[in-house]
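With the hints as a guide, bring both chains together as one complex.
Chain order of the listed sequences is A and B. Quick note on numbering: the UniProt record's numbering labels position 54 of the first sequence as 54, and the sequence is numbered without any gaps. Quick note on numbering: the UniProt record's numbering labels position 280 of the second sequence as 280, and the sequence is numbered without any gaps.
To be clear, the hints were calculated from the coordinates, so they are not data collected in a lab. It is possible that part of the hints are untrue.
Stated by the list, open to error - Dumping the calculated BS3-like pairs for lysine-lysine here, alpha-carbon to alpha-carbon at most 25 Å:
1) B:77 - B:102
2) A:157 - B:320
3) A:157 - B:102
4) B:244 - B:276
5) B:266 - B:244
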Amino acid sequence: MRIGKALQLAVTLLAAAFLLVPTIQSVLAGLTVNYFQGLKSGLTLKWVIEVWALYSGSIFLSLGIALACLVMTLLIGVPAAYAMARNPGRLTRALEEFISLPLAIPGLALALALLQLYGSYKGFRLSWTFILVGHVLYTLPFMVRAVMSVLAAIDLKTLEEGAASLGAGPARRFVDIVIPNALPGILAGALTVVTLSIGEFNLTWMLHTPYLKTLPVGLADSYASMRLEIASAYTLIFFVMIVPLLLAMQWASARAQRITR
Amino acid sequence: MTLTLRNIAKTFPGGTRALLPTDLDIAEGEIVSLLGPSGCGKTTLLRIIAGLETADAGASIRFKDDDMTHQPVERRKVGMVFQSYALFPNMSVRGNIGYGLKMQRLPRAAIDARVDEVIALCRLEPYAGRTITALSGGQRQRVALARAFAPRPRLLLLDEPLSALDAALRGTLRDELAALLRQFGITAIFVTHDQDEAMAIADRVAVMSQGRVAQIGTPEALYRAPETAFVARFVGNSMPLGGKIDGGTLHLPGGDLTLNATATGKAAFVRAEDVKITADGPLTARVETVTFLGTHYRIALSGATDAPLFCLHQGLTAPKPGETVRVTIAPHAILTLEPEKAAA
Ligand SMILES: Nc1ncnc2c1ncn2[C@@H]1O[C@H](COP(=O)(O)OP(=O)(O)O)[C@@H](O)[C@H]1O
Ligand SMILES: [Mg+2]
Numbered sequence: 001m002r003i004g005k006a007l008q009l010a011v012t013l014l015a016a017a018f019l020l021v022p023t024i025q026s027v028l029a030g031l032t033v034n035y036f037q038g039l040k041s042g043l044t045l046k047w048v049i050e051v052w053a054l055y056s057g058s059i060f061l062s063l064g065i066a067l068a069c070l071v072m073t074l075l076i077g078v079p080a081a082y083a084m085a086r087n088p089g090r091l092t093r094a095l096e097e098f099i100s101l102p103l104a105i106p107g108l109a110l111a112l113a114l115l116q117l118y119g120s121y122k123g124f125r126l127s128w129t130f131i132l133v134g135h136v137l138y139t140l141p142f143m144v145r146a147v148m149s150v151l152a153a154i155d156l157k158t159l160e161e162g163a164a165s166l167g168a169g170p171a172r173r174f175v176d177i178v179i180p181n182a183l184p185g186i187l188a189g190a191l192t193v194v195t196l197s198i199g200e201f202n203l204t205w206m207l208h209t210p211y212l213k214t215l216p217v218g219l220a221d222s223y224a225s226m227r228l229e230i231a232s233a234y235t236l237i238f239f240v241m242i243v244p245l246l247l248a249m250q251w252a253s254a255r256a257q258r259i260t261r
Numbered sequence: 001m002t003l004t005l006r007n008i009a010k011t012f013p014g015g016t017r018a019l020l021p022t023d024l025d026i027a028e029g030e031i032v033s034l035l036g037p038s039g040c041g042k043t044t045l046l047r048i049i050a051g052l053e054t055a056d057a058g059a060s061i062r063f064k065d066d067d068m069t070h071q072p073v074e075r076r077k078v079g080m081v082f083q084s085y086a087l088f089p090n091m092s093v094r095g096n097i098g099y100g101l102k103m104q105r106l107p108r109a110a111i112d113a114r115v116d117e118v119i120a121l122c123r124l125e126p127y128a129g130r131t132i133t134a135l136s137g138g139q140r141q142r143v144a145l146a147r148a149f150a151p152r153p154r155l156l157l158l159d160e161p162l163s164a165l166d167a168a169l170r171g172t173l174r175d176e177l178a179a180l181l182r183q184f185g186i187t188a189i190f191v192t193h194d195q196d197e198a199m200a201i202a203d204r205v206a207v208m209s210q211g212r213v214a215q216i217g218t219p220e221a222l223y224r225a226p227e228t229a230f231v232a233r234f235v236g237n238s239m240p241l242g243g244k245i246d247g248g249t250l251h252l253p254g255g256d257l258t259l260n261a262t263a264t265g266k267a268a269f270v271r272a273e274d275v276k277i278t279a280d281g282p283l284t285a286r287v288e289t290v291t292f293l294g295t296h297y298r299i300a301l302s303g304a305t306d307a308p309l310f311c312l313h314q315g316l317t318a319p320k321p322g323e324t325v326r327v328t329i330a331p332h333a334i335l336t337l338e339p340e341k342a343a344a
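Okay, chain B solo, but in the shape it has when bound (with noise of 0.2 Å):
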């Protein structure tokens, strides 16, 4: 493994406990993302490994052989994207560019070189000149990610990097940001609170919850096999479904649905797009809301469960508020999980 991270817990003075005793390995290129709900640690987990925080005693923060855990955040060699960017406005596009060169002490020409080379490659060029103020949102995140990878660190960090932008640039960013990383080729490490961001960009995703990682997976193994209630609900958006588990069956007050195996004590979870309203489906449910949403409705239904149910419906026409409709929800769409323990 490329970084190692052993035993890192934060305590705040006055005693907020904002990480508890974590471990993470990352390998070489490899692109890792914190996802998790806002307060759950993920800015404090990232400012240890780039040394702007100390961690408690005990961590341990290995890059290959090189052990960093007590080196100074200006030798370590991590870039790191702020979420307010940090540019520096007494400098230009460029001087912020340069500056990470500049304080390696590299002879003028080959700063010149590499700043030409990052600014083309972040497609910086009609921009290299102005003033950090001349520039739109957008831009500015460009120039940081420039900036921070401009002096070739070791591992690159990102917290929430397109959080400062208006959600109409988002979408375009994102996928932006995600083929730069990719081009890069650099070990890098995603804070973020949005789930599409995380699944866009990284290779693996680490949930956040309460100052600790509650998973940590691909995408793909996070969204199919959740370990946990909150990572279900908070990765794939699936509802909890409630009623009570018997066996193999799951008794609602809609119906029963049968489930895969015997799930005794655990409770039930499922995603809208599962939801099926079909003819001779075993529950019984009243529809509340149609919306249409292009491609589909979402329609929520009551009676079927304690809870409002939703169900993403394709098709040409939906039936009407008010209507009763029978719903299926096949055995292996089901999540059978530990219940969640209400927060301490």
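Excised from the complex, chain A in its bound form (with noise of 0.2 Å):
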């Protein structure tokens, strides 16, 4: 019993070692002075200061598109899973797998046949809602599932004929009833579309232009052509962003999960 506990323990510290140590080690060379000479060199801000420098741009064109991509998935993601919700058929069917589809054709894929499809209009290539463009597709079915399976545990046919019943019309029954009662769904969506917009590295790069970079592009352009500890310091900017989202998205599932049971 106690020897089954403890290999236990060993073995979860161990997996948690090889994935910590080498992130730590990372996120220490962005902070030491010279990364040869190892941490006797001294720590400094030095480098995260020279990202933010370089690289400030692609943080700020990051956050916007995951924030323009948060919207565009409420905006359409929100009403489609309401509907499919009230409709479920072969045709809510059939619909769902065809917005899923962007999960199973990988990034790059998707991201030619964008490029195929748009790549003479000029202005709309060059623009950053190009990029949108992709993250809105890729993101779309993670809104559209998370709300859709908080609807479907709830019984929300005779809830809305209980506020009708009531005298709510179809928008207030919409604004009352629907949106309160998946706000748990839409708020674990919103996260995890927030998060994947911006790690999300495949497609963006193939749809990237030299002046729109995202952050995830400007990293692996840093680690290509900028010295180790920049590049780290890179690293530890990533992560300072990633990491709460993530841990949100986390709280936020398993919430809706609860709801869901």
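As structure tokens, then:
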């Protein structure tokens, strides 16, 4: 019994260390004066500041795209999930599969298709909205599914009928009943969308232009062309942005799942 | 008449004829129960009155001078208590009860006053601030009733409001609901599959069977003078006697019974409380089982009729299983009705 527990703990710690040690090393590298001399060369924020000077545009572009992507997926995804939850059937199932297609197709292929289709519209091709379209396509199914799973767990039809019998028209019912009851799903979907959009690389790398580099594309760029300390400082900034989002996403999904059950 | 329903029928896509053309008149302040077995179309009729389902073409629903046949549900001013209650989980008890008043765009103070009034009426004061999930089944049922009643609907519709509760609670809540509905003084239609519930709550009961109203009347009338075999069996738990009626006599395997009138070709029914064990009865029967039920014994008899005949026996002692007894059924206690056609 006790040996079993100890073994479990050892394996867990080992696995954590396997992931954690390189992470800590990388973070430290971004904070040391000279990586090759190690920590004794001293700690500094110089590299972080340099990354900010070089790549703050990427950070703001990523945040902008993530927020715009969130707005788009909310505007399209929530009503779509609602319509699909209210009209279950073969057509809905087919539609759900269809919007989930981008999950199965590699981001590269999706990007190539977008380029083939819209590459010749120069204004669009060179604008940040081109990357946005890719992100929306990629993240929409996550929003739709998160909202649908919460809506499927409540008897939405009867709740709406109750509101209607009390004098609420369709728009009021959507605002007063549908949205509040779907909120845990919307929140889980929103955090997923923002996290995925900020971290998305495959598709974005294909779509980006030299003047439009998102956070992960910039990361790849810094790995390829900057000194190690700068690349590591960049990793640090990326972590600081994405880890709280990941934690919030975990929390929101767990909350939404409690309702689904 | 306050509510006049004419030619209400419903055929669902796929061809299920849930409701055959039905007429119904309900007076101001009357409580009418729709009673029938599961699947007979009670909920469908109620939902058509509410406006949650559209009737087949040719229907007419009038409330006094107002034709509401084509009004959408949100403009019918009809309160509805759903079988599952359908309380809004995102609102408190107060929020639920006040929602209909909010939809009427009443001023804040008027809403609060009315909500307080209804909460007091339904004795929900201790729960007013709670969320819905923190309520028991019986409390939820009262909140659902309060929510439907608060906006002063012209008609209250209740779909099996007690069926979601466990059996122990159902009896007390039934009497409480009956008292509340009387206190409201509102015209109400109440759906149930339980004849005791219908009898306890309603002024008139419409017994439904296979998409049509078989008979409508006061509980007493339905009990004492059922018009069809279905009503006799469903409302009064009448037992078919079988045998053969010849003029004024019913021939049974255990002997002959005299009837009040000639009824050749009809079927005879009797209730267990009208089957008496007497020393000089015209029927002979064998006691199969005896169950003590406190105020009386329930005795299963064989040999008198083709199917087992049940008898509610009052008294301090009862015959033992295996004994042979003599049985009497008074002529006025025997209902003679058209035989039931086998379900199509
Ligand atoms: N939405 C529907 N689609 C198809 N058939 C339905 C629908 N609702 C009810 N029915 C059918 O109509 C009949 C009457 O149903 P209902 O009014 O719910 O009965 P009750 O409330 O008396 O149990 C049943 O046979 C049921 O299967
Ligand atoms: Mg029903």
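Hint by hint, which ones does this structure get wrong, listed from lowest number up?
-> Violated hint: only 2; rest satisfied.
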